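Residue numbers (the numbering used here), protein chains in the order written: chain A, 1424 to 1717; chain B, 669 to 948.
Read the hints as simulated data drawn from the structure, not as lab findings.
No experiment lies behind these values; they were computed from the predicted model shown.
Where hints are given, some of them may not hold.
To be verified - Distance ranges between label pairs, derived from CB positions: (1) Ala1512(A) / Asn838(B): 24 to 32 Å; (2) Leu1519(A) / Ile698(B): 35 to 43 Å; (3) Gly1610(A) / Leu688(B): 53 to 61 Å; (4) Ile1480(A) / Gln934(B): 44 to 52 Å; (5) Ile698(B) / Lys1665(A): 27 to 35 Å; (6) Gly1610(A) / Pro925(B): 30 to 38 Å; (7) Ser727(B) / Ala1449(A): 20 to 28 Å; (8) Gly1576(A) / Ile698(B): 19 to 27 Å; (9) Lys672(B) / Asn1557(A): 15 to 23 Å.
Claimed, not checked - These stretches of chain A come out as covered by chain B in the derived footprint (C-beta under 8 Å, 3 or more residues): (10) 1432-1441; (11) 1474-1480; (12) 1486-1493; (13) 1498-1506; (14) 1575-1589; (15) 1616-1630; (16) 1699-1705.
As the list claims (entries may be wrong) - Here are some, though not all, of the chain B residues that point toward chain A, as calculated from beta-carbon distances under 7 Å: (17) Thr670; (18) Phe693; (19) Phe735; (20) Asn739; (21) Phe749; (22) Ala770; (23) Ile795; (24) Gly848; (25) Pro851; (26) Gln902; (27) Gly906; (28) Ser907; (29) Leu919; (30) Ile921.
Don't be surprised by glycine CBs; every beta carbon is placed ideally from N, CA and C.
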Amino acid sequence: MQKAINKKSERTAAYLFVVPAVVLLAAFLIYPALQTIRYAFTDYNIMRPDRIKFSGINNFIELFQDKNFWIAVKNTLHFTVLVVPFQTALALALALLISSRRRGVSIFRAAYFSPQVTSMVVVAILWTVLYNSNPDSGLLNALLVKLGMEPCGFLNDPKTSMNSIIFMSAWQGAGYQMMIFLAGLQGIPKEQYEAASIDGAGKVKSFFYVTLPGLKNVIQYVIMITVIQAMKLFTQPYVMTKGGPQNSTRTLVYYVYEQGFQKRNFGYACAVAAVFFVIVISLSLGMKKIIKAD
Amino acid sequence: MTQKQRARLGSLAFYLGNTLVALIFVSPLIWMVSSSLKPESGIFKGLNSLSTFIPQGASLNNYQEVFQRINMWKFIGNSLFYVLVIIILDLFINSICGYALAKFEFKGKNALLTLVISLMVFPAEAIMLPMYREMADLGWINTWASLIVPFVAKCFSIYMFRQFFMDVPNDLLEAASIDGCGPVKTFFTVVLPISGTVYATIFILDFVAHWNDFMWPLLVVTGEEKRTIQLAIQTFFGSKPINYGPIMASLTISAIPMLIMFLFLQKYYVEGIASTGIKG
């Protein structure tokens, strides 16, 4: 009898506990997600919400012929393909630099982590100033000239603009991954290093035969979250370049923003957003599968 | 070379190497703070020498100018307000949901858990257009509600809470039940008091995430009244007269709240990041 009452009151409590979150998720995640798909098949213009017409797959046909859409895809992939290995390697290097337990190590850790404590907008504005193409007002060009090199156009040159954003983003984000790596490094048993050292392995060898294999899962995880993060690139081009010069930093999310809110092609922007969503989800599912397969 | 000498050499290499790398690494931030203290004419002088990192004739004039030109306190206050409200609601709503998923038996439990896990990687950027439309329909554009309500329920938080509550021993709950505690009361009087760490971890993870919010406030905040700090410094960066001293001062000021938050909650943030990585 007592048990039955417990079961019942437990069930009541359970529904009481999950309902608020479920209602909010339904209203502000699932509903807009379904709406994205719905609008993607319409000619919805934000100025004419009263006149939404179903337009079949017109938006998607247009999309595949839209040069700017493909440029946005290319730019997003350019960013992701370069920033992920660069940032991951940088984060791992920093983690290795401070992995030994010594006094004062927390000061260095804080230093490598400090760009994370400053927001992306702050960092983006700061680096826009640092990247100034004039060596008399841009710190990085002043340094290049001092080292006897040609000044670089950085954000002003379509050839270097995306790479400049990549460099800055890796610098800002590496501290986060470094923390994950530090935790991973602590999980590698000391005996493995001792065994490697007895076998005559030097620092380099034990890195390749002990550290890297020991971090395998962590590295996979870090790569996965960095890829997903990278695909969403928006703030940096918005603050630093407005997608330019010559479209060289216009990303998928930026294109969604531009089409939806500046050009007011809501339906079309939803189609781009839907494609963006499919790309991100397939990437994350694909990576999960690879990780599981191991 | 003796063992001791070798250890000393390693120690020396460690400190020298790290000091050098750390200085290079934070040099952009040092330059930011240094420039914020310089007179406008001194900022781009001697860029090619190390003296550019040292503020000569340092003063707080740029900071004064920032506060004269824009209402920094208000924008920081706005950000603190909406971020803290999101966090408080997040902690409450997602923790009870996570607890139910960890400790209760009910119909649809597995389906809900699967849903939560699969929505964890959902990119919010993909749904911002209809979400904007939804806000407009609700009459929420340029209100606190549009900044707060859509972001309260979070699959990631629910999952983190569930993982934590899974480890709470069942004996403890049974003991409370024998003492006559109902399941709701048990949660609030027995489980909650021993769960400080997970709450602190979600608190700081949430704070960092939402303090950085940029794209969504850009869409739904139209005037100065609800302007967030990130929008404010971005607007300030583009507004005339463009003086770099005050710009650098505004950047420095806007970083302070997060810095303070870190001084207190750093430990939980590090643990939070680390645990997501290992369990992930």
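Each hint, compared with the structure:
1. Ala1512(A) / Asn838(B): 24 to 32 Å: For Ala1512(A) and Asn838(B) the Cβ distance comes to about 44 Å; the hint is violated.
2. Leu1519(A) / Ile698(B): 35 to 43 Å: Violated - the Cβ-Cβ distance for Leu1519(A) and Ile698(B), about 24 Å, lies outside 35 to 43 Å.
3. Gly1610(A) / Leu688(B): 53 to 61 Å: For Leu688(B) against Gly1610(A), whose Cβ atoms are near 29 Å apart, the range 53 to 61 Å is violated.
4. Ile1480(A) / Gln934(B): 44 to 52 Å: This hint holds: roughly 51 Å between Cβ atoms.
5. Ile698(B) / Lys1665(A): 27 to 35 Å: With Cβ atoms ~28 Å apart, the hint holds.
6. Gly1610(A) / Pro925(B): 30 to 38 Å: Distance hint for Gly1610(A), Pro925(B) holds at roughly 33 Å.
7. Ser727(B) / Ala1449(A): 20 to 28 Å: violated (55 Å)
8. Gly1576(A) / Ile698(B): 19 to 27 Å: holds (25 Å)
9. Lys672(B) / Asn1557(A): 15 to 23 Å: violated (53 Å)
10. 1432-1441: The restraint on the stretch 1432-1441 of chain A holds, since 9 of its residues have a Cβ under 8 Å from chain B and three suffice.
11. 1474-1480: violated (count 0)
12. 1486-1493: Coverage by chain B is violated here, the residue count being 0 at a Cβ distance below 8 Å.
13. 1498-1506: violated (count 0)
14. 1575-1589: violated (count 0)
15. 1616-1630: violated (count 0)
16. 1699-1705: holds (count 4)
17. Thr670: violated (18 Å)
18. Phe693: Check passed: Cβ of Phe693(B) comes within 6 Å of chain A, closer than 7 Å.
19. Phe735: violated (17 Å)
20. Asn739: violated (18 Å)
21. Phe749: Given a least distance of 17 Å, the restraint on Phe749(B) is violated.
22. Ala770: violated (10 Å)
23. Ile795: holds (4 Å)
24. Gly848: Violated - the Cβ of Gly848(B) stays beyond 7 Å from chain A, reaching only about 11 Å at its closest.
25. Pro851: OK, holds: Pro851(B) within 7 Å of chain A, min 4 Å.
26. Gln902: holds (6 Å)
27. Gly906: Violated: closest Cβ of chain A sits about 9 Å from Gly906(B), beyond 7 Å.
28. Ser907: violated (12 Å)
29. Leu919: holds (5 Å)
30. Ile921: violated (10 Å)
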